[in-house]
Each structure stands twice: as C-alpha cells, then as structure tokens.
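Chemist: Chains as they are written, first to last, in the working numbering: chain A, 5 to 395; chain B, 5 to 395.
Since the hints were made in silico from the structure, they are not lab data. Where a beta carbon is used, it is the ideal one built from N, C-alpha and C, also for glycine. Treat the hints loosely; a few may be bogus.
[Unchecked claim] Here are some of the chain A residues that sit facing chain B, going by a computed Cβ distance under 7 Å:
1) G18
2) N56
3) Q107
4) G230
5) S243
6) N274
7) S276
8) L284
9) I293
10) L297
[Unchecked claim] Quick list of in silico lysine-lysine cross-link-like pairs, BS3-like style, CA-CA up to 27 Å:
11) K323/B / K8/A
12) K323/B / K387/B
13) K305/B / K294/A
14) K305/A / K65/B
15) K199/B / K164/B
16) K65/A / K305/B
17) K148/A / K169/A
18) K395/B / K302/B
[Stated by the list, open to error] To be clear about the criterion: a stretch of chain B counts as covered by chain A if any three or more of its residues have a C-beta under 8 Å from a C-beta of chain A, and this derived list gives those stretches:
19) 66-80
20) 109-122
21) 133-146
22) 252-263
23) 309-317
24) 328-342
2 protein chains.
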Amino acid sequence: MTYKFSNNMQSVTGLATREIFKLLSKPEIISFAGGLPANECLPTEAVARISNELLTSAEGKAILQYGTTEGIATLRTELVKYATSEGLKATDSELMVLSGGQQGIDLFIKAFCNKGDVVLVENPTFLAFLQVANSYGVRCIGVKSDDKGLDITDLEAKIKEHKPKALYVVPTFSNPTGKTYTAECRKAICEVTAKYGIMVLEDDPYSRLRWTGDRVPPLKAFDNTGNVVYVTSFSKLISPGLRVGFCIGEQEVIRKMTIGKQCADLHTSNLSQAIVREFLRGGLLEPHIKIALPIYQKRAKTMLDCLAEYMPKTFEYTKPEGGLFVWGEFKDKTNTVQKFEQAIANNVAYIQGQVFYADSGGLNTLRLNFSNADPEKIKQGVKALGKVFGK
Amino acid sequence: MTYKFSNNMQSVTGLATREIFKLLSKPEIISFAGGLPANECLPTEAVARISNELLTSAEGKAILQYGTTEGIATLRTELVKYATSEGLKATDSELMVLSGGQQGIDLFIKAFCNKGDVVLVENPTFLAFLQVANSYGVRCIGVKSDDKGLDITDLEAKIKEHKPKALYVVPTFSNPTGKTYTAECRKAICEVTAKYGIMVLEDDPYSRLRWTGDRVPPLKAFDNTGNVVYVTSFSKLISPGLRVGFCIGEQEVIRKMTIGKQCADLHTSNLSQAIVREFLRGGLLEPHIKIALPIYQKRAKTMLDCLAEYMPKTFEYTKPEGGLFVWGEFKDKTNTVQKFEQAIANNVAYIQGQVFYADSGGLNTLRLNFSNADPEKIKQGVKALGKVFGK
Numbered sequence: 005m006t007y008k009f010s011n012n013m014q015s016v017t018g019l020a021t022r023e024i025f026k027l028l029s030k031p032e033i034i035s036f037a038g039g040l041p042a043n044e045c046l047p048t049e050a051v052a053r054i055s056n057e058l059l060t061s062a063e064g065k066a067i068l069q070y071g072t073t074e075g076i077a078t079l080r081t082e083l084v085k086y087a088t089s090e091g092l093k094a095t096d097s098e099l100m101v102l103s104g105g106q107q108g109i110d111l112f113i114k115a116f117c118n119k120g121d122v123v124l125v126e127n128p129t130f131l132a133f134l135q136v137a138n139s140y141g142v143r144c145i146g147v148k149s150d151d152k153g154l155d156i157t158d159l160e161a162k163i164k165e166h167k168p169k170a171l172y173v174v175p176t177f178s179n180p181t182g183k184t185y186t187a188e189c190r191k192a193i194c195e196v197t198a199k200y201g202i203m204v205l206e207d208d209p210y211s212r213l214r215w216t217g218d219r220v221p222p223l224k225a226f227d228n229t230g231n232v233v234y235v236t237s238f239s240k241l242i243s244p245g246l247r248v249g250f251c252i253g254e255q256e257v258i259r260k261m262t263i264g265k266q267c268a269d270l271h272t273s274n275l276s277q278a279i280v281r282e283f284l285r286g287g288l289l290e291p292h293i294k295i296a297l298p299i300y301q302k303r304a305k306t307m308l309d310c311l312a313e314y315m316p317k318t319f320e321y322t323k324p325e326g327g328l329f330v331w332g333e334f335k336d337k338t339n340t341v342q343k344f345e346q347a348i349a350n351n352v353a354y355i356q357g358q359v360f361y362a363d364s365g366g367l368n369t370l371r372l373n374f375s376n377a378d379p380e381k382i383k384q385g386v387k388a389l390g391k392v393f394g395k
Numbered sequence: 005m006t007y008k009f010s011n012n013m014q015s016v017t018g019l020a021t022r023e024i025f026k027l028l029s030k031p032e033i034i035s036f037a038g039g040l041p042a043n044e045c046l047p048t049e050a051v052a053r054i055s056n057e058l059l060t061s062a063e064g065k066a067i068l069q070y071g072t073t074e075g076i077a078t079l080r081t082e083l084v085k086y087a088t089s090e091g092l093k094a095t096d097s098e099l100m101v102l103s104g105g106q107q108g109i110d111l112f113i114k115a116f117c118n119k120g121d122v123v124l125v126e127n128p129t130f131l132a133f134l135q136v137a138n139s140y141g142v143r144c145i146g147v148k149s150d151d152k153g154l155d156i157t158d159l160e161a162k163i164k165e166h167k168p169k170a171l172y173v174v175p176t177f178s179n180p181t182g183k184t185y186t187a188e189c190r191k192a193i194c195e196v197t198a199k200y201g202i203m204v205l206e207d208d209p210y211s212r213l214r215w216t217g218d219r220v221p222p223l224k225a226f227d228n229t230g231n232v233v234y235v236t237s238f239s240k241l242i243s244p245g246l247r248v249g250f251c252i253g254e255q256e257v258i259r260k261m262t263i264g265k266q267c268a269d270l271h272t273s274n275l276s277q278a279i280v281r282e283f284l285r286g287g288l289l290e291p292h293i294k295i296a297l298p299i300y301q302k303r304a305k306t307m308l309d310c311l312a313e314y315m316p317k318t319f320e321y322t323k324p325e326g327g328l329f330v331w332g333e334f335k336d337k338t339n340t341v342q343k344f345e346q347a348i349a350n351n352v353a354y355i356q357g358q359v360f361y362a363d364s365g366g367l368n369t370l371r372l373n374f375s376n377a378d379p380e381k382i383k384q385g386v387k388a389l390g391k392v393f394g395k
C-alpha cells in the first residue's frame, strides 16, 4: 500500500538530536550532542525508595488507577507552592501537569494555532519547537537577539509584518545558546506582546540550574494581561525518564490545554507524578539541586577552559552561568554541517547549529552540551573537536 | 485578554466521561459511568517490588535518563513476543510504545488526516475517538452494525459516498457496546478497506478480558496490504495509571507515528515501560489476567441478573463475553439524557449513550460499566436505576 500521510506530517522529519541520540549507542563516541542531565545526578535510590513507599501505601491503588487530566491534586498543590517560590503566582486552576515540558509546546500550539499561522521565535531556538510547529503547519519566523535578549525593535517590526499568533522564547539559559534575557528585556517582551494581543510561550526548563550570577524573574512574572503561558519540567532537576512537567496560564487557557491533553494522552503517569510530588513535599528537590550544581559548574568550566585551549581563535562561544549548553560560532564561516562526519570519525559529536534556525542561517554555528560527560571525557572530546576544526 | 483559540480546538469540549469522573468524587454515588478496571485487580505489590528492583539495578540510571521515542528496546522485544502470542506478526520496526492506547488514536489521526477529512466509525463508537477527530477538524460518519459486527454493505456504500481517509473500529468487546465482530466480518472489513485504499485503526484494549466464548483473531491478522494499524494498551490488564500501550503497523507508518510522538511527548515514562516489560518478561501478566477474569465475570453476571430483575421490559441490553461494558437501549424511546440528573439524585451514574454517536442518535441508549463496583454495589446501583427508569 502507498501511504498518503497528512499534509502537516508529510514534511516533518525526525529531530536531529533524536537521530544523533540513536547514533550514540557507539560507546567510543564522546557526545556533546544531547541535552541529557548527568547520570550522576539521577536520583535512583530516592526514586526506588519513594516508589516502594507510594505503592505499598494507602494511595497505591489510586496511583495505578486512572487519574484526572489536570494532574494529581496533591501534586498540583505542591506545584502551586513551588511556582510561588519561583516568583510565579498561580492558583490551582491556573496550573496543569504535563508529560514533560515538550507536551506543553504541543498543547500550546494545538490550543492557539491554525495551519498557516506564524509564530515568532528567537533565531536560533529550541529545535523541537520548530518541529512541533511544522507538525501543525505553523510557520516560524526568527527574531534577532543579542546578549541582553530579544531585539525588541525587531520583535515589534516582525509583529507588524507577520501578524503572528504567538512568540516562543527560552529566556533563561536558552537552548541552544545558553544565554539569559535581562529583566528589562522580559518586561519589554511582555509589554509589546500585550500591546498587540500576541500570546507568549515561555519555556523554562533550565533556570534552576544556575551556579553563578543573579537569578532573573521569569518572563511570566511581568505578565499583566494573561498573554503568557509558562512551561517548565522536572527533566533536568529530577529525571527526564519520568516525563513530568507543568505549565501555568490563565484558567481559560489551562482549561483549553487540558482538553487538548485529554485528546493526547488522557493524563500523565500517576507514578511519575507522585514521585515528583514526594520530591517537593519531602523537601528533597532543593538539596538534590544543590548537589547537582557543582557537578554542572565543573563540567561547564572544563569545557570552556578546553575550548580556549584547543579551538581556533575564529571560534567564539558563550560562557553560560547555568543550564546545559555552550553555543559556538565560527567567525571564518567554517561550515559545521560539512564537518560533522569528520567529527564522528574522530569520535566526538555536536549538534550543527543550523537545525536551530527558523531560516537557513547558522551554518557556521554549533551547540555543545557539557552536562552528560565527565571532565576527563570533556577534555578528550574538545581536544578531538580541536583536531576536526584545526586550531 | 480575549483568547482566540485555534479553529480546531474552539469546538472541542471536555469528554463526558472525564467530567463525570470528577463528579464521582461524591463517595455515595455508585458509578457505572467509567471504564475503570477493578481496584482489586491493580497489582500494587508487584509494581512496588518491580520498581524497587529496577531502580536499584544497573538499569536504574537508564530508566531515569531520556529514552528513545520508539520505546525501550527490551520492552519492544517482549512486545513482539506478546503480539505473536496474540496472533499478530510484527518485527521490531513495526511496533512502537505509546503513552496509553489513547495516544495511538491521536498519532494515527495526526499521521493520516487533514482538516475536513472524513473517518468512518461504528455508530456508536468510543467517544474519545470522536473527540480526538474533532480536535483535528476531522468529521466522523457512522456505519451501521449488528450483532456480527459492521454492516459491510453500508461500509462500502459510505466509503463510496464519503471517500474517507480511514475507518476506526473497536472490534472486540467494543466500547461502548461490549459486542465482538465475527472473524468473517473482520476479514470482510480488511478486504473492502484494502480495495478502496482506506486505512483502518483497530483499537483493541479489551480482548484479553474474555471469560467465556471463543477468541476471535484480531482484525489486523486479516490484513494483507498493510492498511491496518493495531493499537492496544496495558491499562485494563496491568494499570491505567502507568499509561503504557503499543501499536503495530507497517514500518513506514510506525516511523511517521514515531515522529508524531516525538512532537507530542518525546517518549513514554521509562519507569512505566520497564514495569510493563517485567510483567511480560517475568511471566506475571498471564497469571494476573487469570486472577482478574473471574472477578469481572462475576460483576458482569451480577449486573445482567440485576438488569433482568430491576429494569423495565422495554430495556434491551447486550450480554458481553468479556470487556467492561453492557450497552442498553430503551425500545420505548426513554430519553437517557433527560433521566441523568434523576439518576445522580438517586446516587447512581451511567453514561448517556448519545455521546458515543457520530450523529444525533442514541438518545434512548446508555452504557453501563460493571468492572469498578463490587457485586453488592452493582445490585444496589441497578436497583436505583430501576427506580429511575420505572420498572
């Protein structure tokens, strides 16, 4: 049979990162390609104990039974408290549990966008957002940015030109660049999007992974009109394998996204939800993050030091204060897509920056992840990169 | 802010069953409204032990780390064996793990249907299918059926008239009717859909819950052209709270649905997946089903006996050989939508059959679930129904 796939899905291809994820089953390859938390920071013992306690408790049957789409009520209560501590106001009905942060992107686009609509994104942006948008026939247009965040003049110009439905941003330790928007930039984004009635999706999976510098309030904290939806996840803080995130928005928006989730997966695994709840309720999350931060900081420092030592002078890169990524750019237009095979042959992997662009830009860029390799491997890997890109 | 939701989602409302699920927090209400497995059949002890073993094993870190979209490789190996034992041939690349069977419906429609397309369904059909179709702007047209299954003449006529993209069926212990298609009907469905190049989604969450009568091969077993996608779930066999299902189709179809899943939730909870794998690998599933079946059989028998005793003669109903549901129809056109409030006032809940219809039919029908109330409650509940519907 010749299959005739839907118009929206015909052009959607697998994520470059996911494809590389499969490639990396070769153990000799040092991968800077993923966005995986450090294995050392995955709390197997705590989760084993918590799972056992939960399932042998009076709640055990409820955990294995069907649950509500919005998420387990007692988890939602903890999430409201957690959100408050993060500078976000939310009542119970302004918050829903997600099967990972990725689902928040899917449900947001489903709720707001029609085929042919435009969504503005930072250029470069999180590539899964580009993929999800594509799966709905939504067109992404890039907005310029600098070290302070989005270029507000360009944002307003693009709003006027393209009449977008929404803006998508990762304002703290951005994927892929590792950059953080200033508070002023966040405030300005809220003002200009509110002025034109544009929805904003703030994707914030990394902000808690800050090991230096001052915290910046979430963009959502500057939202006075309810046009910002905030999505975050416990993938980088507890475990990505459990698939738990949550989002915050006005009640009407959360209600619509909840109906979207009913259609998608009915509800998130109750066991995963209850495990995250115990991390919050039992005060395990904060100490766990405190243990993880120095590990990430050391890896980031090692990578930055090695980049200085082994990479050519034409390679410029970000110096993140948190998160998982370093973003690099060759000022001499070295093509990172063409170099990729050679890198794999040298047993090192990165992500070609081009995949993060809404247009055809970024051929001279790459993203490096430092969280999932130990310092020794990082040294070895960057040394190999240095060979590939010829210091 | 006034929200402008997407055209597709504007008209999608919450599922009737989900709304009733929330209503049922009143403990005095006896609910025949859900589709919940018996709490007695939820294996809390086994899952507690397995979780603990998994997370303290060498695999613990991998379980908490990101996984592949297709599902854990070792689970997929077990699923291939399980599928074989169910009369289904599938290689590893013809199978993918789902976050519950519901996700299979979503990914199938996403892969194949454009806004405005028609999908044929049995009338009545699983209401979540109608909701998901609606969320994609896909129109459902009902096909007639009788005790042997779909009316093949009507199916072919509707194919010619509406040029549908796909047909959706629940051929074994159908939700909502509890009926099972004959092998002849299944073969005929495969032939006629293959003839016109129509995709088929076979939804099969209930077939293992058979306590009497002969097993009928899955519809997919009669598929010679690769136009049938088979979806099933462990929600009714192990636990709905874990959210694990899987689907089978030709490699090209599974690949497209995998990309759809990447967009939706990246992957299913690894912990949930590994738990299901241990049930299969450790030979726990079959004994567990053997313990569950007499419980369901007894509840079904109690309900059927009580319906005979307490309901008026104008009420006709199915006598299922398995599954979770009895389907009833008032021959005197009693309106079950109008009677619902009175039922709740009498502390008993059912689902108005109308919600399962692709058209405005079924006002004189209702669905009763027998799996989630013990025999004493069933007796009490049907007695209350008898009062509401006045024997």
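Chemist: To test your reading of the hints: which numbers does this structure violate?
Modeler: 8, 9, 10, 11, 13, 23, 24
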